[in-house]
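*Asks:* Taken in order, these protein sequences are the chains called A, B and C.
One point on numbering: in the working numbering, the residue at position 1 of the first sequence is 1, and numbering is uninterrupted.
One point on numbering: in the working numbering, the residue at position 204 of the second sequence is 204, and numbering is uninterrupted.
One point on numbering: in the working numbering, the residue at position 292 of the third sequence is 292, and numbering is uninterrupted.
Read the hints as simulated data drawn from the structure, not as lab findings.
Quick caveat, the model's predicted, so the values are computed rather than measured.
A hint or two may mislead.
Quick list of in silico lysine-lysine cross-link-like pairs, DSS-like style, CA-CA up to 25 angstroms [unchecked claim]:
id: 1; chain 1: C; residue 1: Lys151; chain 2: A; residue 2: Lys243
id: 2; chain 1: B; residue 1: Lys129; chain 2: A; residue 2: Lys94
id: 3; chain 1: B; residue 1: Lys258; chain 2: C; residue 2: Lys105
id: 4; chain 1: A; residue 1: Lys318; chain 2: A; residue 2: Lys280
id: 5; chain 1: B; residue 1: Lys258; chain 2: A; residue 2: Lys301
id: 6; chain 1: A; residue 1: Lys111; chain 2: A; residue 2: Lys299
id: 7; chain 1: B; residue 1: Lys216; chain 2: A; residue 2: Lys52
id: 8; chain 1: A; residue 1: Lys309; chain 2: A; residue 2: Lys280
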Amino acid sequence: MKGRYVLLILAALALFSAGAQQKEIRVLLANHPYGDLLKTAIPEYEKATGVKVNVESLQESQLTTKLTTEFATRSSTVDVFMTRPLQEGKMFYKNGWYEPLTGYDFSDYPKNALDVATFGNKAYIVPLVTEWEVLYYRIDLFKKAGLAVPTNFTELEAAAKKLNSAEVAGFASRGKGAAAVTQLSSYVYNYGGTYLDKGKAAFDSREALEAIRFYGKMLANYGPAGVTNMSWENIMPLFQAGKVAMWTDASVFYGQIIDPAKSQVPAENVGIANFPAGPKGNTPFIVVSWGMAVAKQSKNKALAMDFIKWATSQSLAKRGMLANITMARNSVWKDPEVRAKINPGLISTQEYAAKYGVPYDRPYMSAVGEARDLIGEVIIESINTAGASTKLDALAKEKSAAVNALLEDTGEYGVY
Amino acid sequence: MRTSWIKKGLFVVVLLAIVVPLLFPFLWMLASSFKTQVDIVAWPPRLIFTPTLQNYERVFREQNFLRYFINSSIIGISAVGLSLLMGLPAAYSIARFKQKRLSIFILIARLMPGISFLMPWYIIFSRLKLMDSYVALILSHMLITLPIIVWIMSSYFESIPVEMEESAMVDGATRQRAFLAVVLPVAGPGIVTAVTLSFIFSWNNFMFSQVLSMEKTKTLPIAIYNFVSYAEVDWGAVMAAAVAIMAPAIILTMVFQKYVVRGLTMGAVKG
Amino acid sequence: MESTKIRGSVLEKNLHIIFPMPAVVFVVVMMLFPVLYTFFLSFTNWNLTSGAPPSIVMLRSYQRILREPRFLAALGRTFSFTALAVSVETLFGTIVALILNREFKGKGFIKLMMLLPLVSTPVAIGIAWNLFYDPTIGLANFVLIQLGLPKMAWTGSPSTVIPSLALVDIWQWTPMIALILLSGLASLSSEPYESARVDGASEWQIFWKITLPMLMPTMLTALILRSIDALKTFDIIYAMTGGGPGYSSETLNIMAFKYSFEYFRMGQASVILVFLFLVVLFMSLLIVRMRRSLEL
Numbered sequence: 001m002k003g004r005y006v007l008l009i010l011a012a013l014a015l016f017s018a019g020a021q022q023k024e025i026r027v028l029l030a031n032h033p034y035g036d037l038l039k040t041a042i043p044e045y046e047k048a049t050g051v052k053v054n055v056e057s058l059q060e061s062q063l064t065t066k067l068t069t070e071f072a073t074r075s076s077t078v079d080v081f082m083t084r085p086l087q088e089g090k091m092f093y094k095n096g097w098y099e100p101l102t103g104y105d106f107s108d109y110p111k112n113a114l115d116v117a118t119f120g121n122k123a124y125i126v127p128l129v130t131e132w133e134v135l136y137y138r139i140d141l142f143k144k145a146g147l148a149v150p151t152n153f154t155e156l157e158a159a160a161k162k163l164n165s166a167e168v169a170g171f172a173s174r175g176k177g178a179a180a181v182t183q184l185s186s187y188v189y190n191y192g193g194t195y196l197d198k199g200k201a202a203f204d205s206r207e208a209l210e211a212i213r214f215y216g217k218m219l220a221n222y223g224p225a226g227v228t229n230m231s232w233e234n235i236m237p238l239f240q241a242g243k244v245a246m247w248t249d250a251s252v253f254y255g256q257i258i259d260p261a262k263s264q265v266p267a268e269n270v271g272i273a274n275f276p277a278g279p280k281g282n283t284p285f286i287v288v289s290w291g292m293a294v295a296k297q298s299k300n301k302a303l304a305m306d307f308i309k310w311a312t313s314q315s316l317a318k319r320g321m322l323a324n325i326t327m328a329r330n331s332v333w334k335d336p337e338v339r340a341k342i343n344p345g346l347i348s349t350q351e352y353a354a355k356y357g358v359p360y361d362r363p364y365m366s367a368v369g370e371a372r373d374l375i376g377e378v379i380i381e382s383i384n385t386a387g388a389s390t391k392l393d394a395l396a397k398e399k400s401a402a403v404n405a406l407l408e409d410t411g412e413y414g415v416y
Numbered sequence: 001m002r003t004s005w006i007k008k009g010l011f012v013v014v015l016l017a018i019v020v021p022l023l024f025p026f027l028w029m030l031a032s033s034f035k036t037q038v039d040i041v042a043w044p045p046r047l048i049f050t051p052t053l054q055n056y057e058r059v060f061r062e063q064n065f066l067r068y069f070i071n072s073s074i075i076g077i078s079a080v081g082l083s084l085l086m087g088l089p090a091a092y093s094i095a096r097f098k099q100k101r102l103s104i105f106i107l108i109a110r111l112m113p114g115i116s117f118l119m120p121w122y123i124i125f126s127r128l129k130l131m132d133s134y135v136a137l138i139l140s141h142m143l144i145t146l147p148i149i150v151w152i153m154s155s156y157f158e159s160i161p162v163e164m165e166e167s168a169m170v171d172g173a174t175r176q177r178a179f180l181a182v183v184l185p186v187a188g189p190g191i192v193t194a195v196t197l198s199f200i201f202s203w204n205n206f207m208f209s210q211v212l213s214m215e216k217t218k219t220l221p222i223a224i225y226n227f228v229s230y231a232e233v234d235w236g237a238v239m240a241a242a243v244a245i246m247a248p249a250i251i252l253t254m255v256f257q258k259y260v261v262r263g264l265t266m267g268a269v270k271g
Numbered sequence: 001m002e003s004t005k006i007r008g009s010v011l012e013k014n015l016h017i018i019f020p021m022p023a024v025v026f027v028v029v030m031m032l033f034p035v036l037y038t039f040f041l042s043f044t045n046w047n048l049t050s051g052a053p054p055s056i057v058m059l060r061s062y063q064r065i066l067r068e069p070r071f072l073a074a075l076g077r078t079f080s081f082t083a084l085a086v087s088v089e090t091l092f093g094t095i096v097a098l099i100l101n102r103e104f105k106g107k108g109f110i111k112l113m114m115l116l117p118l119v120s121t122p123v124a125i126g127i128a129w130n131l132f133y134d135p136t137i138g139l140a141n142f143v144l145i146q147l148g149l150p151k152m153a154w155t156g157s158p159s160t161v162i163p164s165l166a167l168v169d170i171w172q173w174t175p176m177i178a179l180i181l182l183s184g185l186a187s188l189s190s191e192p193y194e195s196a197r198v199d200g201a202s203e204w205q206i207f208w209k210i211t212l213p214m215l216m217p218t219m220l221t222a223l224i225l226r227s228i229d230a231l232k233t234f235d236i237i238y239a240m241t242g243g244g245p246g247y248s249s250e251t252l253n254i255m256a257f258k259y260s261f262e263y264f265r266m267g268q269a270s271v272i273l274v275f276l277f278l279v280v281l282f283m284s285l286l287i288v289r290m291r292r293s294l295e296l
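Pulled out of the complex, with its shape left as it was, chain A reads as follows (with noise of 0.2 angstroms):
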């Protein structure tokens, strides 16, 4: 009898507890546009669901050294979180940062942007978000000029040198070190040059070299002033203030420079076409610059798993299409709401990318932030001396021999 009771009473206390326990989630977003975009919709979610969401947002370098710190100190509460695969995802998959996403449905994603989600034979994360570069370009410069679209590198300078002036400069792209090597890299292929292969660096290879040459030529012969301390941040004003003709760079400055707010450029004469091609084709980078994953340290990994696939779906998929955000999966692509409103050279570079691009736009591995400062030193040099250094290939290959000790260091040499 009495022990009944005490049953009856446990059994109450259960389901009494279980039902106030409030779930609860932490999700790290990054302060980039999708971010912003799930921060609005995730009240509608929790309304769906009844799962808490503690959102935090922050600035992309931030969000890199807080999921460092919390894992490598193995201090994390974080479940789900946003996440750039070719700049960190190597380190935190090595790490055991990442958990498997078993039971998610990749089938609408392009093979290429699976390419650095997937580990062995087991996908990490969510591509969120896609760029691929393409060349920005001055509509009225070029018909003043009779010029027409540079579909080659040949074509590109020719058309920079005539554009450029004291006024105007005939070409522009990042010269800032580090920051230039994800922009340099598709004339790296273009040139049948790749940074790394098969685990070792390459960019002292004659192909490479002869891209990084180009590279210098160009800026430093058309190229604003002071491009080697220039980034995006530096050029686009500059392009918004009507100084420079052409700029190659990734595809997600489009809507920033059609923008009458901040450009004196009417709409009307800004231009997007493909990326040139080189002596060896034309296959520009086109990377997954955010994805969504799982955090292995995560108690609450159902509920992980289900606001991933929420996050990630193809409704809110959409949603960024519509606010410009340039998505991964391919079926928001196809829609035709998307297709009225986005505009067609967006849609036709990228399906060129989507189709020929490669996945990578910087060295692959974990040290990538020490190998680009090391690869800007190369690039840097080749500016200063408009391509023609004598000490380019001894430097290269100081430096490719700096970037092995460090794929030595996290034992990823010749591992591919």
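Take the given structure of chain A and dock chains B and C to it, following the hints.
*Replies:* Okay, now just chains B and C, sitting in the frame of chain A:
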């Protein structure tokens, strides 16, 4: 008569040669903060333009600057307050008991490069789950404010005649009582100097907050540094933010000018 | 009643220990302990990104850093930046102090204006100067063109980046030296001047023979104090160039920051920190020694 006029005119020219370069960057920032992006990137630079408030609107409405203002204030005020509690007795002791070694020890904290403590703090604070907490930020900023306060106050206390406390002690008060009741009330100007300067240095600190704060406790200097964020650079808003950050320190300086000069020069000149 | 009195007297007897105690404990915990920890880490190869715990490698991290050309360049750059900035600041600061060392209307206003750069947020200042220096839309090149001079790349070129950064430091800190010297001048005794005038010395002679020697101690202390701060310059360089182009404006401070918080190589970062620490400690001891010998 004439030569004295010429001399005077020349002196004014020389003064202008000092003041104009000092002020020009501030005026240019102020002007740019009222320009649209189109006016800012215009060439030649535009001196005449239609002023707009949109930059300030962006900074305060869209970028949450008010919150960073509050964070900077919480951290600065707490760090200065706690440092006063610890620093005033220490400074008094240094002044009255001639504790030279102690004063050098605390001076070293002012001279050491902040980054040599920052890296260990970063590891320890993240182990203790104190990253992005006010506790971590306040503790780190106290290492800026405490040495300034001890430094300024110890020489201020030295300038207060000992006779004041001694006469109180003759009347039966203990030394600690005399410190609280006799010395502190006349130390007002010194405290104002120490508080103003240490608050300004905490307010301007970048390195500690850059590493130890994230979104929740982000301070103003970090906010402006992060302003150049993903795919966007908005010079007008950056300049508006810069003006907004510097305004409190500049206003404090104007109000307490005398004290600030004294505090800044105290390091090298006694008296 | 009795007991509180006793307690009071115990406190009073040990006041010289109890009063400074909280501050000392705080500095020991927050400064001394971390510095010792950094020393310990400099003997390890700890790398946060490897996921492995620190293992002791003794002097191997030192060997690696000392053989790194990037480190030696940063070390030299730290000194050349400091030497350039501080010498110009001292020269200009002395001139300004001598000019202002008289009574005139508006002196208070000028002193106030001189305070403004000192209390401004360095990061904000750096970002604003970046807009000035922008080679294409910046005011600096506009001024050069108006003067009929060729455009410059300012912070955009390895050959001009250090002077360009030093110029910002000079703008910000010359007033500090001037203000220190100004109060130093005000505290000089007037006796030697009077007797020199009686002897018929010229203004120039008075400056060289009397003012300068008497001002020297103040000047030296100001110079060393400023040098210590200039060696540690971080905010302006980090905000304006981040150490670039390439590594051409990377000082020890910036390099240590990158090694710690971008590369997460805690062991090697600690080695750089130890060196920075030694440099500053040496300068600090110099100032302590000087204060003592000059009875300041």
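*Asks:* Each hint needs a verdict: does it hold in this structure or not?
*Replies:* Hint by hint, here is what the structure shows:
1. A threshold of 25 angstroms between alpha carbons decides the hint, and for C:Lys151 with A:Lys243 the separation of about 16 angstroms falls inside it, so the pair holds.
2. Taking the CA atoms of B:Lys129 and A:Lys94, the gap is about 24 angstroms. The hint holds against a cut of 25 angstroms.
3. At roughly 17 angstroms between alpha-carbon atoms, B:Lys258 and C:Lys105 fall within 25 angstroms of each other, so this suggested pair holds.
4. Between A:Lys318 and A:Lys280, the direct Cα distance comes to roughly 36 angstroms. Violation of the 25 angstroms bound is thereby established for this hinted pair.
5. The suggested pairing of B:Lys258 with A:Lys301 is violated, with an alpha-carbon distance near 61 angstroms, which exceeds 25 angstroms.
6. With a CA separation close to 31 angstroms, the supplied pair A:Lys111 and A:Lys299 exceeds the 25 angstroms bound.
7. Among the hinted pairs, B:Lys216 with A:Lys52 is consistent with the structure: their alpha-carbon atoms are about 19 angstroms apart, no more than 25 angstroms.
8. Simply put, A:Lys309 and A:Lys280 have alpha-carbon atoms about 40 angstroms apart, too far for the 25 angstroms limit, and the pair is violated.
Hint compliance for this structure: hints 4, 5, 6, 8 are broken, all remaining hints hold.
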